[in-house]
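Please work from the sequences and hints to get the whole structure.
Chains A and B, in that order, give the protein sequences. Heads up, the first sequence is in numbering that gives the first Met the number 0, so the first residue is 0 and it goes up one at a time. Heads up, the second sequence is in numbering that gives the first Met the number 0, so the first residue is 0 and it goes up one at a time.
Don't read these hints as lab results, they were simulated from the structure.
Using 30 Å as the maximum straight-line C-alpha spacing, the simulated DSBU-like pairs for lysine-lysine come out as follows: (1) B:Lys162 x A:Lys399; (2) A:Lys162 x A:Lys187; (3) B:Lys385 x A:Lys151; (4) A:Lys162 x B:Lys162; (5) A:Lys90 x B:Lys151; (6) A:Lys179 x B:Lys399; (7) B:Lys385 x A:Lys179; (8) A:Lys410 x B:Lys151; (9) B:Lys45 x A:Lys50; (10) A:Lys385 x B:Lys179; (11) A:Lys151 x A:Lys179; (12) B:Lys410 x A:Lys179; (13) B:Lys399 x A:Lys162; (14) B:Lys45 x A:Lys45; (15) A:Lys151 x B:Lys410; (16) B:Lys47 x A:Lys45; (17) A:Lys385 x B:Lys151; (18) B:Lys410 x B:Lys90; (19) B:Lys10 x B:Lys187; (20) B:Lys410 x A:Lys162; (21) B:Lys151 x A:Lys94; (22) B:Lys162 x A:Lys385; (23) A:Lys399 x B:Lys179; (24) B:Lys187 x B:Lys151; (25) B:Lys399 x A:Lys151; (26) A:Lys45 x A:Lys94; (27) B:Lys187 x A:Lys399; (28) B:Lys410 x A:Lys195; (29) B:Lys90 x A:Lys151; (30) A:Lys179 x B:Lys162; (31) B:Lys151 x A:Lys399.
There are 2 protein chains.
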Amino acid sequence: MRNVICGRCVKCGREYEAVPDLTNCACGGILDIVYDYDYIRSVLTKEKLAKRTNRTMWRYRELLPVEETTPDTPLRVGWSPLYEEPRLAEKLGLKRLWVKDDGQNPTASLKDRASAMAVAKAQEAGARTIACSSTGNAASSLAGNAAAAGLKTYIFVPDRAPKGKVAQLMMFGANVISVKGNYEETFKMSAQAIEKYGWYNRNAAINPYLSEGKKTVALEIAEQLNWEMPDYLAISVGDGCTIAGVWKGLKDLYAIGFIDRLPRLISAQSTGCYPINRAIQTGQDWEPMAENTIADSISVGVPRNADKALAAIRESNGLAICVTDEEIMAAAQLLGRTCGVFGEPAGVTGTAAVKRAAELGLIGREDTVVSVVTGNGLKDVANAIKAAGEPLHIEPDLIKMVSGFAERGVKVM
Amino acid sequence: MRNVICGRCVKCGREYEAVPDLTNCACGGILDIVYDYDYIRSVLTKEKLAKRTNRTMWRYRELLPVEETTPDTPLRVGWSPLYEEPRLAEKLGLKRLWVKDDGQNPTASLKDRASAMAVAKAQEAGARTIACSSTGNAASSLAGNAAAAGLKTYIFVPDRAPKGKVAQLMMFGANVISVKGNYEETFKMSAQAIEKYGWYNRNAAINPYLSEGKKTVALEIAEQLNWEMPDYLAISVGDGCTIAGVWKGLKDLYAIGFIDRLPRLISAQSTGCYPINRAIQTGQDWEPMAENTIADSISVGVPRNADKALAAIRESNGLAICVTDEEIMAAAQLLGRTCGVFGEPAGVTGTAAVKRAAELGLIGREDTVVSVVTGNGLKDVANAIKAAGEPLHIEPDLIKMVSGFAERGVKVM
Numbered sequence: 000m001r002n003v004i005c006g007r008c009v010k011c012g013r014e015y016e017a018v019p020d021l022t023n024c025a026c027g028g029i030l031d032i033v034y035d036y037d038y039i040r041s042v043l044t045k046e047k048l049a050k051r052t053n054r055t056m057w058r059y060r061e062l063l064p065v066e067e068t069t070p071d072t073p074l075r076v077g078w079s080p081l082y083e084e085p086r087l088a089e090k091l092g093l094k095r096l097w098v099k100d101d102g103q104n105p106t107a108s109l110k111d112r113a114s115a116m117a118v119a120k121a122q123e124a125g126a127r128t129i130a131c132s133s134t135g136n137a138a139s140s141l142a143g144n145a146a147a148a149g150l151k152t153y154i155f156v157p158d159r160a161p162k163g164k165v166a167q168l169m170m171f172g173a174n175v176i177s178v179k180g181n182y183e184e185t186f187k188m189s190a191q192a193i194e195k196y197g198w199y200n201r202n203a204a205i206n207p208y209l210s211e212g213k214k215t216v217a218l219e220i221a222e223q224l225n226w227e228m229p230d231y232l233a234i235s236v237g238d239g240c241t242i243a244g245v246w247k248g249l250k251d252l253y254a255i256g257f258i259d260r261l262p263r264l265i266s267a268q269s270t271g272c273y274p275i276n277r278a279i280q281t282g283q284d285w286e287p288m289a290e291n292t293i294a295d296s297i298s299v300g301v302p303r304n305a306d307k308a309l310a311a312i313r314e315s316n317g318l319a320i321c322v323t324d325e326e327i328m329a330a331a332q333l334l335g336r337t338c339g340v341f342g343e344p345a346g347v348t349g350t351a352a353v354k355r356a357a358e359l360g361l362i363g364r365e366d367t368v369v370s371v372v373t374g375n376g377l378k379d380v381a382n383a384i385k386a387a388g389e390p391l392h393i394e395p396d397l398i399k400m401v402s403g404f405a406e407r408g409v410k411v412m
Numbered sequence: 000m001r002n003v004i005c006g007r008c009v010k011c012g013r014e015y016e017a018v019p020d021l022t023n024c025a026c027g028g029i030l031d032i033v034y035d036y037d038y039i040r041s042v043l044t045k046e047k048l049a050k051r052t053n054r055t056m057w058r059y060r061e062l063l064p065v066e067e068t069t070p071d072t073p074l075r076v077g078w079s080p081l082y083e084e085p086r087l088a089e090k091l092g093l094k095r096l097w098v099k100d101d102g103q104n105p106t107a108s109l110k111d112r113a114s115a116m117a118v119a120k121a122q123e124a125g126a127r128t129i130a131c132s133s134t135g136n137a138a139s140s141l142a143g144n145a146a147a148a149g150l151k152t153y154i155f156v157p158d159r160a161p162k163g164k165v166a167q168l169m170m171f172g173a174n175v176i177s178v179k180g181n182y183e184e185t186f187k188m189s190a191q192a193i194e195k196y197g198w199y200n201r202n203a204a205i206n207p208y209l210s211e212g213k214k215t216v217a218l219e220i221a222e223q224l225n226w227e228m229p230d231y232l233a234i235s236v237g238d239g240c241t242i243a244g245v246w247k248g249l250k251d252l253y254a255i256g257f258i259d260r261l262p263r264l265i266s267a268q269s270t271g272c273y274p275i276n277r278a279i280q281t282g283q284d285w286e287p288m289a290e291n292t293i294a295d296s297i298s299v300g301v302p303r304n305a306d307k308a309l310a311a312i313r314e315s316n317g318l319a320i321c322v323t324d325e326e327i328m329a330a331a332q333l334l335g336r337t338c339g340v341f342g343e344p345a346g347v348t349g350t351a352a353v354k355r356a357a358e359l360g361l362i363g364r365e366d367t368v369v370s371v372v373t374g375n376g377l378k379d380v381a382n383a384i385k386a387a388g389e390p391l392h393i394e395p396d397l398i399k400m401v402s403g404f405a406e407r408g409v410k411v412m
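Listed below in structure tokens is the structure:
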């Protein structure tokens with residue numbers, strides 16, 4: 000890879016050759032992929048990019064850690080829509096607001112970006128099987144992207160994973176292990192199995208390439224905004240890999256001169272599980288927490304990528320905002336009704352945090368904000384129905400319809 | 000509209016001015032939108048199209064029945080991926096096979112194309128409320144596209160509509176009437192309410208513009224194949240509006256000289272409900288049938304657009320292929336495992352029909368086929384789980400994992 004210098008430990012600084020099956024440092028620290036920005040500047044310009052017809056994450060090849068000969072992965076991952084939402088901005092009291100709907104990915108979550116990267120790197124490594132543990136979306140995205148590429152998968156999920164995600168896994172033909180335990184136990188079991196069987200490792204907190212896939216969401220936001228950065232970028236945080244990836248993408252663009260300022264990150268977690276935000280709020284290191292939120296994708300009590308996530312939030316002078324499950328589901332309804340965007344609970348937690356931050360006066364009329372919706376609401380229909388209620392169930396009779404709606408306070412007209 | 004001449008009844012030939020709230024002919028027949036192909040040829044070339052960066056259905060404006068001043072609708076509808084699937088082609092014994100994944104639309108089905116058109120036309124008509132009846136997808140797509148545009152909706156669904164679709168409706172803030180009855184009763188109730196309250200009508204069998212939205216799937220397929228048509232195009236059929244729209248799009252392209260031959264249509268229905276295919280097979284007119292298939296979106300015993308659909312299938316010298324529910328779910332698994340594409344039952348019925356047609360020797364090694372997947376599998380998780388099975392539920396223990404998979408005939412390696 001001409002564009003990559005090495006993998007460097009975020010803890011001890013030790014450097015490693017960027018081989019395809021790179022994992023953590025000997026010290027236990029997570030690696031960061033270090034690029035040759037001078038080289039990238041010499042081969043990539045905004046004008047060159049603008050001419051590309053490739054509307055997937057692979058349009059940013061010069062900024063990605065893959066060999067030039069590695070093919071694009073089969074599914075259409077990335078280039079999800081970025082919608083400007085003036086009516087929602089008005090409701091929240093913001094200057095401008097954009098929603099990046101990353102539920103519009105092949106398996107309906109942002110995690111497709113990391114899984115596509117995993118498939119590309121597994122192919123470089125000559126692997127035929129990929130494995131991961133996941134609360135759901137990393138799993139289903141790996142299963143789908145691997146199936147399309149003809150690779151086998153072993154996937155470990157905690158048994159609380161929502162049915163929609165499990166259905167995807169099974170349909171994609173993954174070998175699925177539903178672990179009777181929490182995410183931490185699930186993660187450990189996957190690590191044991193991966194070591195024993197030599198599968199390619201798609202655990203984002205161990206494989207340093209995966210954040211590089213996730214960062215493409217930030218690259219796209221920047222290009223879609225014509226390289227003019229918002230004041231804030233809000234995203235939900237679980238393991239920490241996604242917010243770390245977002246920050247990496249932004250720093251890459253800054254390093255090669257495509258953007259001239261960096262947004263502040265808004266780290267959104269649930270009040271039912273917020274080890275990363277607690278560390279930011281107290282200025283201390285993170286400590287494990289119980290996992291107690293309906294936002295399953297970010298219900299992570301032992302975040303596997305806390306180092307990178309905390310560094311990203313602190314470097315960006317970011318905000319750590321916690322929201323209740325009720326606020327999360329209210330944000331889901333707000334996005335659905337105002338924007339036509341249907342997000343899963345963890346997917347809309349960033350937007351819930353934007354609303355909370357606006358209510359607290361931390362952001363306001365002078366501020367521009369991008370909120371990333373990280374997963375599609377169809378992944379977790381049970382919680383959606385619980386929040387949004389049931390339809391009017393009636394016989395085919397207009398009079399019953401009118402009185403039924405009247406009971407709900409709706410005047411039919 | 001410079002490009003549109005009129006609406007013409009497919010039954011009696013009577014012509015109507017193409018006003019925004021056009022409905023059926025006085026004789027009860029459905030209208031067809033008639034274009035001025037000479038004009039379109041004078042303003043649209045393949046080269047002009049190729050240069051457009053707009054990757055939504057609105058890139059085909061010259062071929063769509065909207066005023067030049069009508070804005071694009073807010074959600075990113077259309078330009079779904081067309082995947083070539085050599086491994087699936089090999090399995091089915093076909094020369095080449097492409098899968099168009101139209102579940103990759105904002106509300107996860109092809110119906111977004113019609114609903115976006117409805118929103119555009121409702122805005123032209125100055126309407127503030129849109130209504131429809133639907134087995135699910137037309138409903139959820141209307142709810143989402145209307146919400147994004149700031150319009151109100153009243154939506155009538157039969158009470159068997161899957162939970163995923165109902166969850167979408169409620170989240171998008173629609174006024175939803177779940178009718179205790181079949182699709183036919185639901186449709187009639189919506190017609191009564193629309194007449195009484197003067198809402199804009201998004202029933203595809205009444206509003207002739209909606210097929211024009213749906214046809215964009217065919218325009219895209221043609222452009223994505225660089226205007227070289229396959230031998231066959233397979234799609235599932237319920238009301239008949241979608242296959243009619245597909246055929247209209249193909250004929251439009253043929254009329255303006257963008258393609259030089261037309262594919263044969265494969266009309267895919269379930270053996271549990273196939274009034275359209277029965278009419279083709281017997282050469283008679285269609286008759287109502289019971290609704291008895293898990294493929295809810297095409298479980299339509301009284302197809303509302305049979306005239307256009309039958310004409311399309313016959314004109315194309317098409318095949319009418321029926322498949323069982325078991326074949327439908329087997330096709331869902333085949334697409335998931337081989338292509339990484341997860342479709343709902345009705346969504347994969349076209350692919351099931353392609354498989355059946357290949358087994359019957361109706362198509363084979365010499366043939367090229369496009370199969371359209373019309374909706375995302377996340378819409379109907381219950382049937383997916385039923386078909387694909389449950390994961391291995393175990394304690395975090397590698398030995399239990401190995402023996403658990405062994406019981407399923409999988410050797411862990």
